[in-house]
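S.K.: Residues per chain are reported as follows:
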Amino acid sequence: MKGKISFSIQNRHIAFKLDLERNVTIITGDSGTGKTKLINMVRMYSELGKSSGITLKCEKPCIVLSGSSWETVLENTHESIVFVEESTSFLSSHAFASAIQHTDNYYVFVTREPLPQIPYSVDAIKQIVKNGRKPKTEKLYQKISVSDVSTFPYDVVIVEDSKAGFIFFSRASEKKSPVYFRRR
Amino acid sequence: MLRIHFGALPEEIYNTEIYYENQYEKEWVMDDFAKKVIRDIDASEVVAPDVIQNEIFGTFGSTELSAGVKTLLLIRNVKNKIFNISNCGDNCAPYLLELAKDRDIKVTLHHAMNFGSNFAVKVINDNKRKVITDPTEFLLLAHHYLRGEENEG
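Going down the list, the protein sequences come from chains A and B. Numbered per the working numbering, the first sequence spans residues 1 to 184. Numbered per the working numbering, the second sequence spans residues 1 to 153.
Don't take each hint at face value.
If the Cβ cut is set under 10 Å, some of the chain A residues that face chain B in the computed set are [to be verified]:
| id | residue |
| --- | --- |
| 1 | Ser31 |
| 2 | Thr36 |
| 3 | Thr111 |
| 4 | Lys130 |
| 5 | Lys143 |
Source of the hints: derived by calculation from the structure; they are not laboratory data. Since the structure is predicted, the reported quantities are computational estimates derived from the model, not experimental observations. The beta-carbon is built from N, C-alpha and C at its ideal position, and this holds for glycine as well.
Using the sequences provided together with the hints, build the complete structure.
M.R.: And the structure:
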């Protein structure tokens, strides 16, 4: 599957909208923002369809993957949006990371845990923000613009290594003397 | 003091939502701490034991509370278990510290929670008992213990 897929789900009380632009999207954020509600609505709709009282708009089928038979379900799931909720034990396993590699699904993981076994973009990390009956979904990490760099409001910068990123931020923050930690 | 083990422990309660659903007591929501966190985190008011009200969803039982609030209530009321506080967002962090003011609470954490700039926790991995008060040091410890190749969460 490729390209942007729009997803929306709502009931009488609440509505969620999500644009899925990559094969892996991470949803994280504060407690009480509706992440579990979103997953439960997808689950109920996938089991009962419109008779659930939920309206789901997405050009692809949506399921919630859970339970001990996840491998069998995943083997038989194609061209779908697969949601996995937080505290699902297989989510951070190597077996799961391997299983999703060559599938044709898009994945939405609700989790706060790092998933180093699964490649995903920093732009794919989103958070749900409270907004009454229409919670907003927004990117967690923002790109730094030229004006951000010139004013450099940060006290600490952590970079991955001593190469390009370290050199760049050293120059960008020359006047501020921030502390750098880098992995050797 | 909050005693944090980064990563899994065999005896941890990883999925606090399921544990809460099967172990909660209706009265747990009636104390002042519970009412406070339910109001702040879930924007809801406790009306009666296991009766909570919210302007969007109306009236519901405590099994509908957020995972973070459930985890806080479990930590407060079930003192002999180790709960996974990655079920909690950063907005639960002040309440975790509050719970740990008067007793040692051992928890697991599978991500880098933001405790803000004014905190003290113990990281107990590798049998260490180091008190951490610096957010950057905490972040680096989280990275060290959680992103190893062997770690499956």
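S.K.: Take the hints in turn and mark each one as holding or not.
M.R.: Hint-by-hint comparison with the structure:
Against a cut-off of 10 Å between C-beta atoms, the interface hint on Ser31 (chain A) holds, since the closest Cβ of chain B lies about 3 Å away. Taking 10 Å as the C-beta cut-off, the interface hint given for Thr36 (chain A) holds, the closest approach to chain B being about 6 Å. A cut of 10 Å between beta carbons decides the hint on Thr111 (chain A): the least distance to chain B is about 8 Å, and the hint holds. Interface restraint check: Lys130 (chain A) against chain B, minimum CB-CB distance 7 Å, threshold 10 Å, status holds.
Taking 10 Å as the C-beta contact cut-off toward chain B, the hint placing Lys143 (chain A) at the interface is violated, the least distance being around 21 Å.
Comparing the model with each earlier hint shows a violation of hint 5 alone; every other hint is respected.
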